[in-house]
Structures are given as structure tokens and as C-alpha cells.
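Quick note, the sequences are listed as chains A and B, same order. Once you know that position 125 of the first sequence is 125 in this note's numbering, the rest is easy, because the numbers rise by one and skip nothing. Once you know that position 93 of the second sequence is 93 in this note's numbering, the rest is easy, because the numbers rise by one and skip nothing.
Hints were generated in silico from the structure; no laboratory data involved. Glycine included, C-beta positions come from ideal geometry on N, C-alpha and C. Warning: the hint list may mix true and false statements.
Restraint-style ranges between C-beta atoms, simulated for each label pair [stated by the list, open to error]:
no., chain 1, residue 1, chain 2, residue 2, range
1, A, Val166, B, Ile77, 40 to 46 Å
2, A, Val166, B, Gln36, 25 to 31 Å
3, A, Ile28, B, Pro26, 33 to 39 Å
4, B, Ala33, A, Leu165, 46 to 52 Å
5, A, Asp195, B, Ser28, 44 to 50 Å
On the chain A side, residues computed to face chain B include the following (Cβ under 7 Å) [said to hold, decoys possible]:
no., residue
6, Ala32
7, Val60
8, Met62
9, Arg113
10, Arg142
11, Val166
12, Leu175
13, Ser194
14, Asp195
15, Ala202
16, Val207
17, Gly211
18, Leu212
19, Val220
20, Val231
21, Gly233
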Amino acid sequence: MSAAVTSSAARRAGAVALESLPERAGIIRAAAGIGLYAGAFGLTFGAVAATSGLSVSQAVAMSAVMFTGASQFALVGILAAGGAPLAGLSAALLLGLRNAFYGVPVTRILGPRGLRRLWTAHFVIDETTAMAVAQPTPRAGRFAFWATGVTLYVLWNVGTIAGALVGGGIDTSALGLDAAAPAIFLALLWPQLSDDRARATALGAVVVTLGLVRFVPAGVPIVAAAGVAIVAGLLPTRPRRGPEVRER
Amino acid sequence: MSALWATVLAASAGCYLLKLTGMSLPASVLGHARVQRISRLLPVAMLTALVVTDLFDANGRYSADWRTLAGVGVGAIALRLRQSLVVVFLLAIVTTAVLRAVA
């Protein structure tokens with residue numbers, strides 16, 4: 001029903017109290033769900049970081065300052081596998097590159113100015129962007145961005161501290177935590193495989209990664225997989241034949 | 001400062017600057033169709049590569065633990081059944097842990 005409200009009307013309504021936001025309850029529920037997963041995922045990250053040879057303060061510094069899960073897991077994974085720091089750094093930065101592109105819709109919806117922009121940028125990640133763009137009005141988008149961002153940031157860091165503290169003391173293998181990172185990556189990947197180009201890119205990445213694993217240092221296959229995305233992105237668009245975008 | 005700290009700090013600063021860059025560039029640059037396609041496909045390729053190396057790469061050798069594969073496989077089934085991230089995460093680690101305890 002609220003879709004009938006135009007975005008300019010919603011912006012004018014920005015001065016009205018929070019109760020007037022019909023999406024509020026739904027956003028809070030979704031943010032709580034994301035927070036729960038972030039806590040569990042942060043716990044895993046802390047434990048994996050600790051068992052990979054990182055100190056508690058290094059693990060916490062990553063969650064507090066880097067604050068982008070895939071990059072953190074990639075860096076820790078490459079270092080744990082004995083990869084060169086530079087390979088880990090490049091993989092973390094390449095994986096973090098997508099956050100730069102998330103800046104476009106986030107800036108359009110939140111329109112932060114001056115110092116506010118510096119602060120907002122820190123929270124631009126997969127989940128906050130997805131939540132913000134999913135809302136029908138910019139006002140709901142702003143609320144969704146911050147509800148998700150703050151919940152996720154707090155629980156991600158609390159989880160990391162807890163995981164890093166007990167990390168050395170728990171057997172991550174016995175707890176099945178070695179399945180955590182690939183399962184989460186697969187879950188983040190899954191909804192993105194909605195069209196042929198994305199599926200072809202994933203298939204290409206499997207071939208390139210498996211082909212390189214034996215011949216190059218750890219981390220390099222992941223960076224090389226970015227090349228598959230660049231080639232696939234530069235290929236011209238074919239004319240549409242029938243319904244191209246299909247729900248899985 | 002150790003090499004490890006230098007890497008952690010450089011990666012952290014770099015990831016923040018990438019976020020800030022995205023909020024500072026004119027929309028016309030990042031709004032370009034090819035740039036948007038590549039930006040959409042980058043996580044697809046790299047997340048795939050991470051899954052592959054996590055499952056099949058043991059320090060430059062091909063190696064896989066069937067219990068980990070089974071755990072992630074159960075997670076994939078949960079994804080097909082449109083379960084949430086938390087459910088996928090829990091099913092994957094519990095399956096792997098249980099299989100490791102009994103087999």
C-alpha cells in the first residue's frame with residue numbers, strides 16, 4: 001500500500017515522528033535476524049583468526065576497522081594457508097571493491113554530507129546496502145541502513161572478541177567450523193546466481209581456481225578469479241531471448 | 001611493527017578507502033553499464049573461488065575432507081529450500097561436526 005506514496009512525499013514526511021514509518025517493525029525484525037547471523041559468523045571469524053595465528057587484538061582490529069566479512073575471511077584464510085601477505089592483501093581489497101559500488105545506491109538513498117559521509121561509508125557492506133535498497137521510500141531506506149548497520153556492527157564485533165578469546169582453546173575442526181566459511185560464502189553467492197552471465201562467471205571461476213591451485217601461491221587463485229568477472233563483464237550483452245531473469 | 005600487523009592495517013585502511021571512494025565518485029563513473037556489470041560479477045567470481053579453495057585446496061595440493069563437503073552440501077540443500085543464512089550456517093557446521101564425531 002505504501003508503494004503508492006511517492007518518494008518526494010516520503011521525503012517531505014521526513015519531519016514526522018518515527019511511528020509514521022510503516023516498514024519499521026519489519027525492518028527491525030530483519031535487522032535482528034541479520035544480527036543473530038552476524039554474531040555467529042563473528043564468533044567463527046574470531047575462532048578461525050585465532051587458530052590461524054592472529055592475536056586477539058589483530059582479529060578485533062579487523063572486525064572493527066575493516067568491517068567487511070568476506071575480505072576478513074579471505075585475508076585470514078590466505079595467511080593461515082601460508083600465503084604471502086601481499087596475496088592476502090590483494091584478495092581482501094579485491095573482495096572489498098564491491099563496497100565501492102554499493103556506495104552509489106547508498107549515497108542516492110542516504111545523501112550524507114561532509115563528515116557524516118566519512119562515518120556512513122564505514123557501514124557500506126552487502127547487508128546494509130541490500131536492506132536499504134529493498135525499502136519503498138528513502139526514509140525507510142535510511143532507517144533500514146542504520147538499523148542493520150548498527151546491529152550488525154555491534155554483534156559482529158562482540159562475536160569476534162568471544163571467538164578470538166576462546167579460539168585457541170576450542171577445537172574448531174571438531175565443532176565443524178571448517179565448514180562455516182565455505183557455507184556462508186555459498187549462501188552469499190547463491191542469490192547472485194540468478195542469471196546466465198553470473199552462472200557462467202561462477203563456472204569460469206571454478207575452472208580458473210582449480211587450475212591454478214597447484215601452481216601458484218595461496219591467495220593468487222582468488223585474485224585471478226577476479227579476472228573472470230572482468231572478462232565476463234566486458235563481453236557485450238546478447239539480445240534478450242524470452243524471460244532472461246528467472247527466479248531460481 | 002610485524003608484517004602481520006602491517007597487512008592487517010593496510011587491508012583495513014584499504015577496505016575503508018574503497019567504501020569512501022564509492023560514496024565520493026560521481027554517479028556517472030560508477031553508473032556506467034560495464035562498470036556495474038563487472039562490480040556485480042566480482043563478488044560472484046571471488047566468492048566462488050573462496051568456496052573452491054576452502055573445500056579443495058590444502059596448501060597447493062588437491063585435497064578434500066568428505067565430512068566438510070557433506071556439511072556444505074547439506075547447507076546447499078537448505079539454500080535450495082530457501083532457508084535463512086543462520087539455518088544454512090548451523091546445518092553445515094552441525095552436519096560436519098556430527099559426521100566427524102561418528103566417522
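Outcome of the hint check:
no. : hint                             : verdict
1   : Val166(A) x Ile77(B): 40 to 46 Å : 30 Å, violated
2   : Val166(A) x Gln36(B): 25 to 31 Å : 42 Å, violated
3   : Ile28(A) x Pro26(B): 33 to 39 Å  : 34 Å, holds
4   : Ala33(B) x Leu165(A): 46 to 52 Å : 47 Å, holds
5   : Asp195(A) x Ser28(B): 44 to 50 Å : 25 Å, violated
6   : Ala32                            : 11 Å, violated
7   : Val60                            : 10 Å, violated
8   : Met62                            : 6 Å, holds
9   : Arg113                           : 11 Å, violated
10  : Arg142                           : 14 Å, violated
11  : Val166                           : 15 Å, violated
12  : Leu175                           : 5 Å, holds
13  : Ser194                           : 10 Å, violated
14  : Asp195                           : 10 Å, violated
15  : Ala202                           : 4 Å, holds
16  : Val207                           : 10 Å, violated
17  : Gly211                           : 10 Å, violated
18  : Leu212                           : 9 Å, violated
19  : Val220                           : 10 Å, violated
20  : Val231                           : 9 Å, violated
21  : Gly233                           : 3 Å, holds
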